[in-house]
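S.K.: Residue numbers (this note's numbering), protein chains in the order written: chain A, 1 to 413; chain B, 1 to 413.
Keep in mind that the hints were calculated from the coordinates and are not lab data.
Keep in mind it's a predicted model, so treat the numbers as computed, not measured.
One should not assume that every hint holds.
[To be verified] Straight-line distance between alpha carbons at most 27 Å, and here's what the computed DSS-like set of lysine-lysine pairs gives:
#, chain 1, residue 1, chain 2, residue 2
1, B, 410, A, 410
2, A, 292, B, 238
3, A, 237, B, 410
4, B, 237, A, 411
5, A, 94, B, 238
[Unchecked claim] What the simulated footprint calls covered on chain A by chain B, stretch by stretch (three residues with Cβ under 8 Å from a Cβ of chain B suffice, anywhere in the stretch; the number is not a length):
#, segment
6, 62-75
7, 200-213
8, 350-364
Glycine is no exception: its CB is placed at the ideal position from the N, C-alpha and C atoms.
Protein chains: 2
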Amino acid sequence: MKGNLIIGQSGGPTSVINSSLAGVIKACWTEGIRRIYGMHYGIEGLLQEDIVDIEDYITSAHDLSLLKRTPSSFLGTCRYKLPPIEGNEKTYEKIFDILDKKNIEFFLYNGGNDSMDTIKQLSDYAAKYNKKQKFMGIPKTIDNDLPMTDHCPGYGSSAKYIATSMKEIIRDNESYGVSKPTVCIVEIMGRHAGWLTAAAAMSRDIDCSGPDLIYLPEVPFDIKDFVKRIKELAKTKKSIVVAVSEGLKTKDDKFVCELGSSNDHVDAFGHIQLAGTAAYLASVIKDETGLKSRYIEFSSLQRCAAHVSSRVDSDEAYNVGFLAAEAAFQGKTGMMITIQVESREPYVETYDMFDIHEVANVERKVPLNWIINDGTYVSDEYLKYARPFIIGSIQPYTAAGLPIHITMNKKKK
Amino acid sequence: MKGNLIIGQSGGPTSVINSSLAGVIKACWTEGIRRIYGMHYGIEGLLQEDIVDIEDYITSAHDLSLLKRTPSSFLGTCRYKLPPIEGNEKTYEKIFDILDKKNIEFFLYNGGNDSMDTIKQLSDYAAKYNKKQKFMGIPKTIDNDLPMTDHCPGYGSSAKYIATSMKEIIRDNESYGVSKPTVCIVEIMGRHAGWLTAAAAMSRDIDCSGPDLIYLPEVPFDIKDFVKRIKELAKTKKSIVVAVSEGLKTKDDKFVCELGSSNDHVDAFGHIQLAGTAAYLASVIKDETGLKSRYIEFSSLQRCAAHVSSRVDSDEAYNVGFLAAEAAFQGKTGMMITIQVESREPYVETYDMFDIHEVANVERKVPLNWIINDGTYVSDEYLKYARPFIIGSIQPYTAAGLPIHITMNKKKK
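With the hints as extra help, turn the sequences into a complete structure.
M.R.: What follows is the structure, encoded as structure tokens:
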């Protein structure tokens, strides 16, 4: 008889991270795994032996459906990187002792680059010391920056939120037409990779002009050129909308968001004020052009707005969870499930898996040849790549007009 | 035979402002009005004779359905207050000349306090100079601060967006549990009235603890007390979420958002940085408590996120538009349609109308006895009042995973 399974969720939550958890649970039920454990707050919680029995909360198909519709890590998450094995054997021994004590044979971890490092370290240790446990990675990141996989679960729903909100923001910004032009700068997540910011381009359609400019962190940002382009646009347009990545850097490698704080501003109480990239650029535009300007930050809504999730994304998140568990049951270890796309129109995806050493700690950025117009837009190749990810919706269950979520507030038994 | 009709949209757009427009168009079709004109960018556009023929764009029941699902003023909007009649007769003569030239007999204006002032001025002028035109006001404001009406179309959908997003943000903020507490401060619109900020309270339910503190602009804000309360909460909670109105003021009548800029901070380029209320309070919390803190601004999304509109709100917006047109056809003038609530459980609303002089320029705030816990929360009376407004949803029509909107980009004929 097989041993038990433990699953952890790690890094920034997404709208569909719990779909992967639902897939894992379904695979366990199919396989007849006796106990399904969850790390409460990821590997950081596991190190404190904070482990929950998932079937204290989730026991039915309806629970799984509700779980798929619940954003943000059901089990709680962490940002914690395991130290190198050498010199830290005690930490690893502790983890394996905990696993052995609970008769855990299958260890799944759902996250991005850093989280895949956890799988790498643990599977390396297991190989070195001949441990029985199998370790499988389940990809998850709104940043879409994991390698080897065509795209990452979580990205599609964030992209759908961004493109949807961008359409609505552009409509809003276009509604004033008599007075002087209004420049609206929208800040989108992604420190190093511009995948999320690129998603703003999907708002362009027959009923929407899309953002006028899109700036990704893959290309150095030139403030003077930016101001020049805005001035040029303002000659013919009343509404100018710009999408910028939070991670924009100037040619001399300074974050744009840091420029606004360069004078060590402190207020009357001695507090330092920090402005975001969009807030800073909005103030630059106001001062340099005299135009009206404002900024919008999507903030954590872009990773948790499950009320506008993508069906394709949710299904894929479920599938990579299910397949990771199945692979572990079949004896696979030290690998991450990946998504491959056979055809984009019609959209057909398949699944594969890759050695975790090829995945961990590697960041995949937007190809430079997809960034066009001197670094101010993304190409049709990007649109062709990304459009399938936002298709379909997974509507929340609602009560009294609001989404219902499943939580760990109350045990079932 | 009756004359023609003109409708204008004014002030900040909402998710359902076009439902009112749809109601007006439907009433015109029912009545057999020959021409339905639209002011392009409100009264400001009208003064420039920028008038559109609405049936160049909207001709079918399907168009009306799509219009209801399109956020932000279809016709364009403005913030423009007519000058006093005395001494500015030329301006008024110009307006009436334009109306006469187009044989316009019915003048509808859809907006908030300032927009109702436009109806008041024009109907006063018409009475004084014995003009034939009828002037009716259609209420609209996410701020919910118009008097005489139980609530305002536009508020329900914004409230639904706020409560939905708040549930998702709280889940997101709760996902980190091992490290130190995280304080998330969410800034919500409403300079003078706290109706929108109060809506954050609706997120509290069996599956969500709701915000820990809610601060409305009706009550002076005490920063020291705020910091004390956060420190107290941090003793037992890992996730602390606070809803604040953008219009919070201290006891000495200073906007909190201005405190952050009190040292005239300029960056390396000489640009002045302005922080929002939440951004400022997040920096205060970080410095004063050492806790992790972050801020979220709902910004214009709270007025244009039509993908999460309320069905009740959309229907009511449609009804006040329809009824305003009908009232004008019946010879009423100088009035605004209002919503009265006969019963809250089950929810039954009726409609009435009031003299525009009782409405224009009056701001209705949240009753002080609905603000509890020393100004840090709202009462169950508020919840009982507001919960019906967010019931039901009006799903956008979609293509390729994104909402479709109807726009003035292309004429039908």
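S.K.: Of all the hints numbered above, which does this structure not satisfy? Sort the numbers upward.
M.R.: Hints 1, 2 and 8 not satisfied by this model.
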